[in-house]
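Asks: Read off the chains here:
Protein chains: 2
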Amino acid sequence: MSKRFSGELEMKETEIASGPPSRRHANKVAPADAKYKVGVPPKLSLFEEFKSTVKETFFPDEPLRSFRDQSKSRKFVMGLEAVFPILSWGRDYNLTKFKGDLIAGLTIASLCIPQDIGYAKLARLPAQNGLYSSFVPPLVYAFMGSSRDIAIGPVAVVSLLLGGMLENEIDPEKNKSEFLRLAFTATFFAGVTQIVLGFFRLGFVIEFLSHAAIVGFMGGAAVTIALQQLKGLLGIKDFTKKTDIVSVMRSVWSSVHHGWNWQTILIGISFLCFMLLTKYIAKKNKKLFWVSAISPLISVVLSTFFVYVTHANKHGVAIVNHIKKGVNPPSVNEIYFTGDYLAKGFRIGLVCGMVALTEAVAIGRTFASMRDYQLDGNKEMVALGTMNIVGSMTSCYVATGSFSRSAVNFMAGCHTAVSNIVMSCVVLLTLELITPLFKYTPNAILASIIICAVIGLIDIEAVILIWRVDKSDFIACMGAFFGVVFISVEIGLLIAVAISFAKILLQVTRPRTAVLGKLPWTNVYRNIQQYPEATRVPGILIVRVDSAIYFSNSNYIKERILRWLIDEEEFNKEKNQPKIQHLIVEMSPVTDIDTSGIHALEELYRALEKKEIQLILANPGPVVIGKLHDSKFADVIGEDNIFPSVADAVQARDPKTEEL
Amino acid sequence: MSKRFSGELEMKETEIASGPPSRRHANKVAPADAKYKVGVPPKLSLFEEFKSTVKETFFPDEPLRSFRDQSKSRKFVMGLEAVFPILSWGRDYNLTKFKGDLIAGLTIASLCIPQDIGYAKLARLPAQNGLYSSFVPPLVYAFMGSSRDIAIGPVAVVSLLLGGMLENEIDPEKNKSEFLRLAFTATFFAGVTQIVLGFFRLGFVIEFLSHAAIVGFMGGAAVTIALQQLKGLLGIKDFTKKTDIVSVMRSVWSSVHHGWNWQTILIGISFLCFMLLTKYIAKKNKKLFWVSAISPLISVVLSTFFVYVTHANKHGVAIVNHIKKGVNPPSVNEIYFTGDYLAKGFRIGLVCGMVALTEAVAIGRTFASMRDYQLDGNKEMVALGTMNIVGSMTSCYVATGSFSRSAVNFMAGCHTAVSNIVMSCVVLLTLELITPLFKYTPNAILASIIICAVIGLIDIEAVILIWRVDKSDFIACMGAFFGVVFISVEIGLLIAVAISFAKILLQVTRPRTAVLGKLPWTNVYRNIQQYPEATRVPGILIVRVDSAIYFSNSNYIKERILRWLIDEEEFNKEKNQPKIQHLIVEMSPVTDIDTSGIHALEELYRALEKKEIQLILANPGPVVIGKLHDSKFADVIGEDNIFPSVADAVQARDPKTEEL
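So the protein sequences, as listed, match chains D and E. Position one of the first sequence corresponds to residue 1 (the UniProt record's numbering), numbered consecutively onward. Position one of the second sequence corresponds to residue 1 (the UniProt record's numbering), numbered consecutively onward.
Just so you know, these hints were derived from the structure itself, not from any lab. Hints are not guaranteed to be accurate.
Intra- or inter-copy, both count: the list cannot distinguish identical chains.
[To be verified] SDA-like, lysine to any residue: derived pairs with alpha carbons at most 25 Å apart:
| no. | residue 1 | residue 2 |
| --- | --- | --- |
| 1 | K51 | E568 |
| 2 | K573 | K611 |
| 3 | K344 | I491 |
| 4 | K237 | V256 |
| 5 | K632 | L562 |
| 6 | K632 | L608 |
| 7 | K237 | G164 |
| 8 | K286 | E603 |
| 9 | K439 | I269 |
| 10 | K242 | N261 |
| 11 | K75 | E570 |
| 12 | K610 | L375 |
| 13 | K611 | N641 |
| 14 | K55 | E568 |
Looking at chain D on its own, in the form it has when it is part of the complex:
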């Protein structure tokens, strides 16, 4: 077995009893002289230790496991398949799978076309760039990605974030071409970020954003996006550029008398109700999911026809007007590789790239665990990065996996990423042939479609669960939500990240400690707060430290143990109990200790020595016992004051405890 140590251990005296096992007792006990000393594991060389740490940190899922014991040519083929998974699942492709993928592809295409136009507006980009981003990126992903269910394209939150950050730098109305160029630059660097993270297996960085903060951030972004749609839904001309709820509401109400166009509102609200109704139907009866999936496209067709027939655009109903026909033009020359905008594009791309990754990885994992296949998060990141880099060179902006579309993809029966290829083809057809038909599509419809889409991002159930389980998680969630809604998307994201980091740091700096007592009739010692029948041992205080002892908490741990001691001494004085003579530190949860931790133990030892109390360590793990020996602290405290378990320590120091 690869994980077992084959070398010899430096074991202390191990006496194994020699008699035959007795079968009469229900709970077997070791013969009285069977003792185990704390084993010191063999010392790994520095290189082996480093190799092991790197492996666990960067390659915990052993991605090269299947490469073992293979011939060179086979390894080459496997390598190619790893980079282009389509080569491996493409071989097992058949007509049944194609049928499923075709239907799924057509369904998500019908959903994505109106969404793309709407999301491009969110990003303050021309409508055709949204369609472009549903053409090239899904194709690239189908060749390089591993998730079978994800649907690629522009998404609401990233479009909002990108649009907001770009707008801070350049005015999209006045400097249209520069704005577009910066968008491509940002997309390019988003792709670079994603590839770098994936290639260097730094994907775990994404995990530093807590789930609760993401729920809050997504919910807040959804509310912000929905509020932005009020402009299109109510037909308001003068609208604030800011995204926070106060500015938006002010814009809405200040134009209530002359800015709202009743025809727009009528069209928008009626189709919104229609789509919400279909959504409700789909929720109640899973088989009718397709009703909700095609309702956006139906709404677009019907409303376009209606506006065309009634000439509603002459009555103040804003329409999409012109979408440039034709396939993606190349945009390599548009990307800023020098100058001021390079740095700005890099920064925006970094942030958007990482948010896009978070969504895609979450979606990929969800469906992979539902369908029981493995997904290599870092490999996915490389695929997504490549997709965005290629996209930036073909006039696309940041694309990633979309929650709603992937769910529809899944329910429509997709088998592989071919559904994305089918969707691409439909988008291509649209770009080549159908774009003129969107001329009379009212903006209100796009607004309704977006509102309907983002409502699904507000996960009330998750928030309730968070409230019930972990209140500090709830604070993180609410902090992110209100940050996005009341300030801005970037600040909300910053709050989400800051709260996540603060949680990590706080949990590290204030670990739990517990006083242990003996459960009667057993040799088991448990937390007295959780098991009230656990009784203290007279003259001995047993404290368990529930964390590794590092510089970030070593001083606190030392002071906390001394405080338990002071509490205990006060109590004993009141109740006339025997004075504490031994303090046992149960160290099984202490997975590691560094130099600051060893200092803290030394200071604890000296402080106890002054009070004439003996410090005893119980059950130190392999790493800790090694470091105690390296630092010579084991000599300071004495080898005979280190025991493999609390029970052994108590027995050795206080034989009276047997007679409870």
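For this one, chain D is given, so just place chain E on it according to the hints.
Replies: Leaving out everything else, chain E in the frame of chain D:
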């Protein structure tokens, strides 16, 4: 007892055996039907939980403990004494203590006067400001501080840091008055930072800088400071403004032919050797520490006399020249409270204030533990902050505790902070009367004194210990050291902080897990890598998770457990062992779990279900079992699949294991 829960617990069935204890067996066993179910602790209200978390995070040392059960007037007096500790120890003052403090005060005064002039040059400030900073701040500290051994004044590292950061903003030669004003502004905000951290009990923030990184940073700063002194020691006129070793060496060697002044070198090197010799003598014989303590002052006196007599200043030996006579002028008007420099001063003050805090707190703790008295870190910070704010208004710059002077203070027999008052008085005398005598003091002597002082900051023993105990700590140490020496002090500090944070984050994201086996003849389960005699239980895989399960590691933990399972299944297939049917997760080190952790457990449960393996949880702590119930996961997994210990779980699921 304040820490015990007095409320009732929701206990599951607890059957306690009723027979008398049998005394014949060496290891007592519980009667066969004594079972303990996992206790669910009482649910604290949200407010109580919040209060308890705040208390543990911000008030772990219970500073108001002694205020309990006291009358109102007594509380007021105690409050005053808390803010001005001099009121409490002043009452027990007597002649013996004064004798000790007087001698100690005179000794550290003799040490500090030449150092102050030298450190002020390091900070690019006029010499008198160094002396001012040994006059007012120690007086303020004596009234408000709690450490009995610390010696207050300007220190080498903070002077270097302050000088470097100020120089980046303003040229000290061309804009002398603005430079000085910015220095006062920075000192003011350093004090504000320190007071805010102390008052809001955020002192634990200092602990995020690891001991190893501090050792490296201090060593690097010492080397940098020593290199800077080559200018004064060799009498070079044109010297680089940069601090990194490459620039300094280039300056030194480029001026070797015409810039080095042999008279300066002679004076400097000879007295440097003299002081190093006295330092060596003091190290060998602790009683002769005073020899090393007064050698700087003797060197100054002798060299000044020598230069005066030989008119060496006309032969190219640079001298101190003019030190302004008289006590500290007020400088409230000099501080920038508006404008650009306000922000710059704030930033510089924040950094220098925190570095100063780190030194002072480390010194305070060291001596407090040596002398066995308690020190409230946060209260100390308030005292240090007040001292710096008052100092900024009286022409002082950032002062803090000095390692070397505090050690001398301690060995010279100080009893209280009165030694600082004595030192202040001597400095006052110096300012009023003796400053003209420094006119002919050669700069080389100050350079030698500083070199001698900072050599003590290079702690080779600590570095060797760090290398032996923890290699990643060693990398942190070396990173900080080389960052300071080869780049700059600020970058080195940034590297030290970044490495410390990276260590914390990495330890959080890759916790340890271990496969457990049964120690024969016992009911004890141990890590099979540490205890090779621990044997696996057929059909059951037992994994212990050695950390709380949070968003930062929940996905990794789930994947790691599944990987242990795959390894085990491979092994079983090879060796024809029975298939795994149960997976027990030993959860005693899992001190907490958040919503992401619960999700991970759910995904693990479902993944195992697909493989027809039952997930069992053993020994969850009080917080975790509470959250498992809140999230209804305990219902999902089944209450009868949660056991108080691994042994109980194994017994319940596989009775055959008794017959080993």
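Asks: Each hint should be assessed against the structure and marked as holding or not.
Replies: Going through the hints against the structure:
In this homomeric assembly, K51 and E568 come within 25 Å of each other (Cα to Cα) only across copies, at 22 Å, whereas the closest approach inside a single copy is 45 Å. Proximity of K573 to K611 under the C-alpha cut-off of 25 Å is restricted to the intra-copy arrangement: shortest distance 15 Å within a copy versus 57 Å between copies. Taking CA atoms no more than 25 Å apart as the test, K344 paired with I491 passes in both settings, with 17 Å inside one copy and 24 Å between copies. Taking CA atoms no more than 25 Å apart as the test, K237 paired with V256 passes inside one copy only; the shortest distance there is 11 Å, against 75 Å between copies.
Taking the shortest alpha-carbon separations for K632 and L562, only the intra-copy value of 23 Å comes in at or below 25 Å, while the best inter-copy value is 38 Å. When the C-alpha separation of K632 and L608 is checked against a cutoff of 25 Å, the pair qualifies only within one copy, where the shortest distance is 18 Å, while the shortest distance between copies is 44 Å. With identical chains, the CA atoms of K237 and G164 are at most 25 Å apart within one copy only, with a shortest distance of 19 Å there and 55 Å across copies. For a Cα distance limit of 25 Å, the shortest separation of K286 from E603 across copies, 23 Å, qualifies, whereas the shortest one inside one copy, 64 Å, does not.
When the C-alpha separation of K439 and I269 is checked against a cutoff of 25 Å, the pair qualifies only within one copy, where the shortest distance is 20 Å, while the shortest distance between copies is 88 Å. In this assembly of identical chains, K242 and N261 lie within 25 Å of each other by CA distance solely inside one copy; the values are 22 Å within and 66 Å between copies. For the identical chains of this complex, K75 and E570 are inter-copy neighbours only, at 21 Å across copies versus 69 Å inside a copy, given an alpha-carbon limit of 25 Å. For the identical chains of this complex, K610 and L375 are inter-copy neighbours only, at 17 Å across copies versus 57 Å inside a copy, given an alpha-carbon limit of 25 Å.
For the homomeric pair K611 and N641, the shortest alpha-carbon distance inside one copy (17 Å) is at most 25 Å, but the shortest distance between copies (45 Å) is not. For the homomeric pair K55 and E568, the shortest alpha-carbon distance between copies (19 Å) is at most 25 Å, but the shortest distance inside one copy (45 Å) is not.
When held up to the earlier numbered hints, the structure conflicts with none and fits them all.
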